[in-house]
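Chains as they are written, first to last, in this note's numbering: chain A, 1 to 329; chain B, 1 to 267; chain U, 1 to 284.
Since the hints were made in silico from the structure, they are not lab data. Keep in mind the model is a prediction, meaning the values are calculated, not measured. Be a bit skeptical, because a hint or two may be false.
[To be verified] Below, in silico cross-link-like pairs of lysine to any residue (SDA-like), each with a Cα-Cα straight-line distance of 25 Å or less:
#1 B:Lys103 x B:Gly50
#2 B:Lys256 x B:Thr232
#3 B:Lys176 x U:Leu12
#4 U:Lys254 x U:Phe224
#5 U:Lys134 x A:Ala288
#6 A:Lys25 x U:Thr189
#7 U:Lys45 x A:Leu134
#8 U:Lys167 x A:Pro208
#9 U:Lys4 x B:Glu65
#10 U:Lys4 x B:Gln75
#11 U:Lys167 x A:Phe33
#12 B:Lys154 x B:Glu113
#13 B:Lys39 x B:Arg239
#14 B:Lys125 x U:Ser10
#15 B:Lys176 x B:Glu77
#16 U:Lys184 x A:Ala40
#17 A:Lys25 x U:Leu175
#18 U:Lys134 x U:Leu81
#19 B:Lys69 x B:Asp233
#20 B:Lys71 x B:Ser32
#21 B:Lys120 x U:Ser10
#22 U:Lys167 x A:Phe129
So you can see what is in the structure, the chains are spelled out below.
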Amino acid sequence: MSSPHNLSVPTPTEENLARRTRPTKTDLADRLFRYLMYAASGISVAILLLMGWIITGQALPAIKQFGLGFLVSREWNVPDLQFGALPLIYGTLGSGLISLIFAIPIGVAVAIVTSEDLLPHWLRSSIAFTIELLAAIPSVVFGLWGFYTLIPILLPLQQFLYTKFGTTIPLFSTEPSGSGLLTAGMLLGIMILPTLAAVSREVLLVVPGYLRTGSMALGATRWETIFRVVLPKAFSGIIGGVMLALGRALGETMAVTMVIGNAENISPSVFSPAYSIPAILANTFAEAQEDIHVGALTYLVLILFLLTLTVNIGAIGLVRLVERGEKSS
Amino acid sequence: MREIHKPAQELETAIQVNNLSFFYGASRALESINMTIFKNHVTAIIGPSGCGKSTFIKALNRIGELEGKIKTEGQVELYGQDIYHPQVNLNQLRRQVGMVFQKPNPFPMSIYENVAYGVKIGEEKVQRSELDNIVESALQGAAIWNEVKDKLHKSALGLSGGQQQRICIARALAVKPKVLLMDEPCSALDPIATIKIEDLIHSLRNDLTIAIVTHNMQQAARVSDYTAFFSTDESRIGRMVEFGETKQIFSFPVDKRTNDYVSGRFG
Amino acid sequence: MATKLTTPLSPLRNVFDRGMTVLAFGLTIVGILPLISVLWNIISKGLPGLTAVMFTKPIIDDGFANAVVGTLTMITIASLLSIPIGIATGIYLAEYQPTTRINRTIKFLTTILTGVPSIVVGIFTYNAVVLVSKRLFDFSYSAVAGGIALAILMLPIIALTTEEVLKLVPNNFRLASSGLGGSKFQTITRIILPAAVPALTTGVLLAVARGIGETAPLLFTALFAQDWADNLTSPTASLPILIFNLYNDPDPVKNQLVWTASLFLLGVVLVINLPARFLANRNR
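Make a model of the complete structure from these sequences and hints.
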């Protein structure tokens with residue numbers, strides 16, 4: 001076919017446009033690539049589903065034997081093959097809650113200091129960067145530090161609280177040995193701090209400046225503005241960050257194992273040694289012989305899996321809510 | 001400074017600006033502004049974009065200081081008190097010189113809470129019933145009471161842009177300022193909402209002194225008693241070219257640049 | 001006429017405002033102290049005992065060379081598995097109909113996978129790999145299993161980072177390439193990925209650093225070994241497990257080994273993290 005203008009590209013006609021739709025080498029590569037991407041993205045999903053399936057399957061004997069009563073039964077006795085999850089749920093949730101008590105005020109303070117213009121910009125980003133680095137430290141190194149440095153620092157304080165208030169306040173009613181629920185909670189609080197601070201900071205940074213200006217223009221001071229306008233606006237996002245951090249805390253293994261005391265206790269005292277689900281798994285899963293013991297431990301895995309799943313879905317939901325709010329406003 | 005036709009002595013001065021200059025870092029942004037804002041009148045500040053009119057108005061309640069490194073030289077007096085005096089309490093200043101911004105910025109709370117906000121953070125404790133009264137009269141003052149009286153406890157963010165802007169005006173009125181600064185209050189609004197705000201400005205003049213920045217010359221002509229024309233020269237430094245009664249500025253401008261600007265875009 | 005501008009703020013408001021500033025700074029300093037303390041602690045205890053022998057001898061001869069090699073082996077296996085699959089998942093999430101329900105579901109589940117506790121990943125891998133390989137191939141705890149466990153942890157992180165990074169590539173690039181007749185494959189491999197390489201590298205490095213420091217997934221997969229591992233299918237030592245297994249060992253020599261291994265582990269992790277995070281922050 002010769003073109004009137006002698007161009008090398010043939011004039012498009014119905015015929016040769018149609019020919020283009022026949023698969024060429026490029027088209028094949030395109031299709032192959034697409035299938036590869038699809039397949040790859042299915043792998044994460046498959047892993048997650050397989051995980052749920054295998055864990056549930058392995059836990060099934062224990063689920064059948066103990067039922068939901070497992071959740072509220074207080075006895076964890078390996079020689080008698082009596083297994084109840086309550087002390088471990090208590091240790092997991094207890095240390096998680098204590099970690100939040102420490103991490104929330106510090107994390108939100110860091111987020112405010114690094115997002116409001118109280119400091120010059122370079123200093124703000126340096127502080128944010130430093131806190132972020134905490135997230136880089138391996139869990140087991142935190143455990144080592146907790147065991148050899150944090151415990152010696154906290155022990156005298158705990159002893160003081162025990163001798164002063166031990167008889168009046170149940171929270172301080174047992175003699176501290178260093179390891180225990182409070183120590184684990186505090187260490188966890190330090191470990192989840194970067195997550196909490198980073199999410200809160202991000203949320204605070206997207207609070208529009210005109211809300212701050214609007215408040216200051218009415219004569220509000222900086223902190224009146226922060227408490228009455230900025231934090232309420234950022235509230236749901238910060239709660240999302242808190243839940244994300246809580247999810248981390250509940251699943252945290254090594255550091256907790258090294259400082260929680262590892263005893264299946266339920267005590268009102270935060271000084272008494274406790275045991276969390278990840279910690280008991282780390283310590284005893286490899287040694288478990290009897291099927292029902294392994295089953296009970298896997299039942300714990302399932303509980304932990306579902307617990308963190310719930311918390312994380314909540315966090316994702318809140319973050320989505322915030323994002324949607326951003327778009328609509 | 002050009003002559004003002006009506007003798008200024010009969011009028012009471014709300015804000016007196018003397019030799020006010022601004023610097024961003026080392027570079028000068030606005031040079032030696034001298035201007036009087038008269039009590040119970042509306043003063044419009046017009047000029048091409050980038051002439052510094054917004055920077056200027058934000059210096060009158062020192063809110064511009066929040067937005068970054070800007071240095072101010074010269075003097076601004078609010079009823080004879082220097083607002084740049086080192087001991088000035090900015091919170092006190094901003095309660096007396098209220099401000100309405102370009103983009104409506106209601107807080108993410110109810111209409112009632114928005115208007116009550118400034119009163120609640122104030123120094124004196126206000127009873128609930130009195131607060132109700134203040135909110136109602138502020139909303140009435142902002143000519144929006146009838147539209148929102150049935151949904152005072154609904155979120156202010158559910159209102160239209162024009163309504164939001166009037167909520168912001170009500171919010172500013174609730175703390176009973178002496179002067180109200182408006183920084184292009186209608187630039188984000190549709191024509192009908194704009195007319196409502198302009199009517200409102202007219203009625204507010206009886207109790208309030210208003211300074212309004214606008215890029216819309218018709219608007220300046222409609223709402224203001226006095227007009228200041230700002231412009232930049234080749235060196236991009238903003239200056240006040242002419243100040244006078246609005247009628248005079250729009251009909252018989254003295255300065256050629258004012259004439260060019262006013263006739264070029266107006267009429 | 002106007003209230004006096006120099007009337008000070010009421011004492012209560014003044015104290016509240018200043019007090020809160022002091023409190024916020026105080027809490028921020030409290031938040032920074034642990035990092036300094038950890039670094040000081042590990043350096044001051046790990047550095048004095050550092051000897052060259054530690055890098056050449058296995059644990060049984062009071063070195064940690066086999067743990068270093070084990071960690072390297074497993075992170076290499078994990079990287080080989082998780083980086084290609086993770087990047088491919090990220091490409092799917094960002095480039096193939098990101099608004100469809102199936103795409104969003106996959107993104108949601110991938111996000112959920114990042115939140116699964118590492119110990120759960122460890123026990124899952126024990127069940128899915130160690131037990132299976134024992135039945136089928138006659139080996140149980142192994143570097144392969146450890147590598148797979150680490151890969152499961154790194155995979156969703158890499159996938160989500162890739163997605164985020166690709167979404168930052170300006171849409172003009174896609175339009176321009178398609179406008180010239182480029183296929184999706186060509187557009188992605190020739191235009192989009194090259195544009196995203198710096199940020200992608202940062203994200204992958206952070207995931208690798210995370211994998212290097214993980215302990216819990218290795219407990220029941222790679223297990224531990226005092227001596228050199230025979231091959232990829234035998235139990236393998238790693239730095240994190242060394243620290244965990246020996247941290248309260250009464251033998252002072254082993255104790256020193258723990259501190260120095262921690263120093264080395266922390267050093268490696270920080271050397272990867274510092275520039276990667278610095279660049280990530282600057283790009284943002």
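Quick rundown of the hints versus the structure:
{"no.": "1", "hint": "B:Lys103 x B:Gly50", "verdict": "18 Å, holds"}
{"no.": "2", "hint": "B:Lys256 x B:Thr232", "verdict": "14 Å, holds"}
{"no.": "3", "hint": "B:Lys176 x U:Leu12", "verdict": "23 Å, holds"}
{"no.": "4", "hint": "U:Lys254 x U:Phe224", "verdict": "15 Å, holds"}
{"no.": "5", "hint": "U:Lys134 x A:Ala288", "verdict": "17 Å, holds"}
{"no.": "6", "hint": "A:Lys25 x U:Thr189", "verdict": "16 Å, holds"}
{"no.": "7", "hint": "U:Lys45 x A:Leu134", "verdict": "19 Å, holds"}
{"no.": "8", "hint": "U:Lys167 x A:Pro208", "verdict": "23 Å, holds"}
{"no.": "9", "hint": "U:Lys4 x B:Glu65", "verdict": "21 Å, holds"}
{"no.": "10", "hint": "U:Lys4 x B:Gln75", "verdict": "17 Å, holds"}
{"no.": "11", "hint": "U:Lys167 x A:Phe33", "verdict": "19 Å, holds"}
{"no.": "12", "hint": "B:Lys154 x B:Glu113", "verdict": "10 Å, holds"}
{"no.": "13", "hint": "B:Lys39 x B:Arg239", "verdict": "24 Å, holds"}
{"no.": "14", "hint": "B:Lys125 x U:Ser10", "verdict": "12 Å, holds"}
{"no.": "15", "hint": "B:Lys176 x B:Glu77", "verdict": "19 Å, holds"}
{"no.": "16", "hint": "U:Lys184 x A:Ala40", "verdict": "17 Å, holds"}
{"no.": "17", "hint": "A:Lys25 x U:Leu175", "verdict": "22 Å, holds"}
{"no.": "18", "hint": "U:Lys134 x U:Leu81", "verdict": "21 Å, holds"}
{"no.": "19", "hint": "B:Lys69 x B:Asp233", "verdict": "23 Å, holds"}
{"no.": "20", "hint": "B:Lys71 x B:Ser32", "verdict": "13 Å, holds"}
{"no.": "21", "hint": "B:Lys120 x U:Ser10", "verdict": "14 Å, holds"}
{"no.": "22", "hint": "U:Lys167 x A:Phe129", "verdict": "24 Å, holds"}
Checked against the numbered hints given earlier, this structure breaks none of them.
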